[in-house]
Amino acid sequence: MENRGTPLVELRDISIAFGGIKAVDRVSIDLYPGEVVGLLGHNGAGKSTLIKCLSGAYQKDAGEVYINGEKVTINNPRDARAHNVETIYQTLALADNLDAASNLFLGREIVTATGTLDDAKMEAETRKIMHRLNPNFKKFSDPVSALSGGQRQSVAIARAVYFNAKILIMDEPTAALGPQETQMVAELIHELKRQGLGIFLIDHDIHAVMELCDRAAVMKNGALVGVVNVNEVTDDDLLGMIILGKNPAKAA
Amino acid sequence: MTDTTPNTPLETTDDPNLPPIARFLKATEIDTRLLGMIGALMLIWFGFHFYGAIVNGQGFFLTPRNLWNLSVQTSSIGIMATGMVLVIVTRNIDLSVGALVGVTAMVMGILQVEILPQYLGLGNGAIWIVTVIVGMSLGACIGAFHGWLIAYRGIPAFIVTLGGLLVWRGCAFLAAGGKTISPVDETFALLGGGPYGAIGSTGSWIVGILACAGVLWLLYSGRQNRRQHGFALRPMWAETFLGVLGCGMILGSVLLVNAYPWPKGIIRQYAARNNITVPEEGLFISHGFAIPVLILIAVGILMTILMTRTRFGRYVFAIGGNPEAAALAGINTRWMILKIFALMGMLAGLAGVVASARLNSATNALGMLDELYVIAAAVIGGTSLAGGIGTIYGAILGALVMQSLQTGMVLIGFDTAIQQIVVGLVLVLAVYLDNLYRSKTK
Ligand SMILES: Nc1ncnc2c1ncn2[C@@H]1O[C@H](COP(=O)(O)OP(=O)(O)OP(=O)(O)O)[C@@H](O)[C@H]1O
Ligand SMILES: [Mg+2]
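These protein sequence lines are chains A and B, in that order. Heads up: the first sequence begins at 14 in our numbering, then just goes up one per residue. Heads up: the second sequence begins at 3 in our numbering, then just goes up one per residue.
Derived by calculation from the structure, the hints in this document are not laboratory data. Any given hint could be a false lead.
Said to hold, decoys possible - One side only, chain A facing chain B, incomplete, derived with CB under 10 Å:
| # | residue |
| --- | --- |
| 1 | Pro-90 |
| 2 | Arg-94 |
| 3 | Thr-100 |
| 4 | Thr-104 |
| 5 | Ala-188 |
Stated by the list, open to error - In silico SDA-like cross-links for lysine to any residue, where the CA-CA straight-line distance does not exceed 20 Å:
| # | chain 1 | residue 1 | chain 2 | residue 2 |
| --- | --- | --- | --- | --- |
| 6 | A | Lys-141 | B | Asn-227 |
| 7 | A | Lys-152 | B | Thr-15 |
| 8 | A | Lys-151 | B | Asp-16 |
| 9 | A | Lys-134 | B | Gly-315 |
| 10 | A | Lys-151 | B | Asn-277 |
| 11 | A | Lys-134 | B | Asp-17 |
| 12 | B | Lys-28 | A | Phe-153 |
| 13 | A | Lys-206 | A | Gly-162 |
| 14 | B | Lys-28 | A | His-217 |
| 15 | A | Lys-134 | B | Ser-223 |
| 16 | A | Lys-152 | B | Asp-17 |
| 17 | A | Lys-151 | B | Arg-228 |
| 18 | B | Lys-266 | B | Asn-277 |
| 19 | A | Lys-141 | B | Phe-233 |
| 20 | A | Lys-152 | A | Asp-92 |
| 21 | B | Lys-442 | A | Asp-43 |
| 22 | A | Lys-141 | B | Lys-442 |
| 23 | A | Lys-134 | B | Ala-234 |
| 24 | A | Lys-73 | A | Asp-109 |
| 25 | A | Lys-134 | B | Asn-277 |
| 26 | A | Lys-134 | B | Asp-16 |
| 27 | A | Lys-134 | B | Asn-227 |
| 28 | A | Lys-152 | B | Arg-228 |
| 29 | B | Lys-442 | B | Ser-363 |
Said to hold, decoys possible - Here chain B is said to cover these stretches of chain A; the calculated rule only asks that three of the stretch's residues, wherever they fall, bring their Cβ under 8 Å from a Cβ of chain B:
| # | segment |
| --- | --- |
| 30 | 31-44 |
| 31 | 106-112 |
| 32 | 210-217 |
Bear in mind the structure is a predicted one, so any value in this text is a computation, not a measurement. Quick reminder that beta carbons are idealized off the backbone N, C-alpha and C, glycines included.
When you get a sec, could you build the whole thing from the sequences and use the hints?
Encoded structure:
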């Protein structure tokens, strides 16, 4: 999978520390259009922190971010959204007191000609997208605190895919989902991939990563162990990388 | 995956299978919390009235005169309570609002009594306008400064505004060396109410009819909007009920404020000024709505629009619900907090206008302890101290409850110590009942 032109995203030598702890230490990784790259690693390996540097939630201490070959500065989530980077956070980042539509459009509300919120339009749009993602979803007028974990996750996923992302970051998007809903997310990932999006997928389920991803990047204690093509490695190779931090012989 | 719109048929919120009361509440979509507050208010009003009637031989509470005065007394606390909702919803607190009333009123007093007349001439029509603008701007600047310390310097709101309480009260004293500034500009004084500071019978009817038209328009456009998007409609009988109830309450209050006539002395003064001969049986000139009450209503409407119909309001709730999520959604949370405190300060300035105009003077003690009444009003009105929840109308009703208690106890002759005890107990009880209500309706 070499020579595919300019990568959609290129993270170069990203580092960030909290206090004395190097949460991410000189990690470089890239992502091409229509590609899914899995991020694996033990708890606290630095996966979420790394992608938060791309989504604007954290400001990296060092390193560079390139999007479509151009160096970009991402200082806050607004900058990331402006570059069509959408994120499903591990914590979901929902305002519990607001309903699904308000959360979906938070920060990007649809307004009427007079500049007031068009809640009816937003709810109608929310109904449409939720109908695609989770047809069982009915609780449109309740605050999201009244939803189940999986329903909340569906709202977070809907928010990330509604706004025509080019780069999608999914931090354990199926952690709270039932088997049917997980299957729907898998289908969604396939569809988005066909549409040419680039996706970073963080998931602890090695089988899911093997199935959904083109490449897998493994992190350990903040550093990158290696990046492999998933069709060239076995589950055990990946496990070895995650647990022992050792690269398989035929690393990509 | 196809992009089909779920084709819901036009449903209604009517559910004939429910028992009558539940069916009624569901069909009309009336907020039961609101009903509870109105019930509590009625309990207080009738309670004081009949207590007076039985113990003192005469009930004074449910008279046009008392209710009119009550509406005026509620204004300044009510105005500030609307702003306190935003502050508390975003998990902050503002203890400095009473001191802000004091300092803005004092600055406005000095400005309109000692400074502006020198340049504009005594009684110049622009004095009150300049004064109000300066007062509200001063409040906004002080509020913005508090907001900056809180949002950009990370000092907790409790500390910043506790400091503010002391600092600005002190400034109010120093500004005039503890003197009372009086009387204020004549036009300015109208903003505080009083016989001349009310809009009279005809004016009140006009306001009432416009308000009814507004209610009907809201119901109609709401229905159109729901139909357009295929959302459940209220059944026609429920719409009619809401329309009749809304208009009935508006017209009822017009009748009430028009039933309170000017006192004889004012009529004589007025007649002498305008060369009218007062007939033998006397003249009946209605007060009508007091100007500070109209200010409160206007503030209430604008703040409700701000909170429910604009991005700003949506972000206020989002920050209260989950500050981190709000920031991740691209909301500039610090700038929002600064603006919220500036708005709170501006409203405190407006309350300073109303309070000093009503008193016809500025004293350094003006607004003392107001912060507690304002916070209590917002909290009794259902604003959650945990953040994320609160309504403007609730806070105004809360202010009315607080003021009703106060007025009622004065009318039946409770002394200050008992008044304090009762207000304190009611506050705690109200929050407890609110908790119960919330856990039941979860
Ligand atoms: N805001 C923060 N302040 C301090 N330390 C942090 C912060 N965020 C992350 N860390 C630390 O950085 C390290 C990496 O955390 P991170 O959340 O990126 O792990 P992760 O790989 O996503 O783990 P998991 O699989 O459990 O989600 C951890 O040691 C964590 O304690
Ligand atoms: Mg994580």
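message: Flag every earlier hint the structure violates by its number, smallest first.
response: 5, 10, 11, 13, 14, 20, 21, 22, 24, 25, 26, 29, 30 and 32
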